[in-house]
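Visitor: Sequence:
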Amino acid sequence: MALRNIGLWAVEGFELAFSLAKFCCCIHVTGSYIMFPALAMGPSMLPTIDLNGNVIIVERASVWLQKVSRGDMVVLTSPEDPNKQVIKRIVGMEGDTVTYLIKPGESDECQTIVVPKGRVWVQGDNIHDSRDSRVFGAIPYGLVHGKLFWRVRMHFLQPSLSLSFSSFLLVC
Numbered sequence: 001m002a003l004r005n006i007g008l009w010a011v012e013g014f015e016l017a018f019s020l021a022k023f024c025c026c027i028h029v030t031g032s033y034i035m036f037p038a039l040a041m042g043p044s045m046l047p048t049i050d051l052n053g054n055v056i057i058v059e060r061a062s063v064w065l066q067k068v069s070r071g072d073m074v075v076l077t078s079p080e081d082p083n084k085q086v087i088k089r090i091v092g093m094e095g096d097t098v099t100y101l102i103k104p105g106e107s108d109e110c111q112t113i114v115v116p117k118g119r120v121w122v123q124g125d126n127i128h129d130s131r132d133s134r135v136f137g138a139i140p141y142g143l144v145h146g147k148l149f150w151r152v153r154m155h156f157l158q159p160s161l162s163l164s165f166s167s168f169l170l171v172c
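Residue numbers (full-length UniProt numbering): 1 to 172.
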């Protein structure tokens, strides 16, 4: 009798473990190939992205299908720090001519470049406080991970509330 109960417990435990494994696989596949959540914060995308942060959903299919275009906000690996993800707006695609201010706010001096093949030109919406292609040049298309799909502004939260975003990718 006792062995029979242990057998039933083992079967139920195995079924639970198998269901949990399937769930974890689905989460991994979704995050790696379809879309992922992130917390975007910092001054470079003001006023589009709040300084204190927005939760964003980033979809990956557009990058694989090469369906990103001028004006899209994208998450990419920083060319300056490969451990850091940043969010910027695409200003130029390969072959586009881009004219930009060299020192915004200090002078009206401009420079014009043609975006090389296989690269994109990205800039922050806040040109006075953004490290972007004006600093590190056009970036390889391969550094782009996904396109902003959905954004939740966080200003509705009370200051006394705290949320844990440990499962989110932090995008500055």
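Since the hints were made in silico from the structure, they are not lab data. Only a predicted model underlies this, so the values are computations on that prediction, with no experimental measurement involved. Even for Gly, the Cβ is constructed at its ideal location relative to N, Cα and C. Wrong hints could be hidden among the right ones.
Stated by the list, open to error - Ranges of calculated distance between the beta carbons of each label pair, as one might list FRET restraints:
#1 G95 - F18: 49 to 55 Å
#2 T97 - H28: 38 to 44 Å
#3 I113 - S32: 29 to 35 Å
Visitor: Can you give the numbers of the hints that this structure goes against, from lowest to highest?
Guide: none
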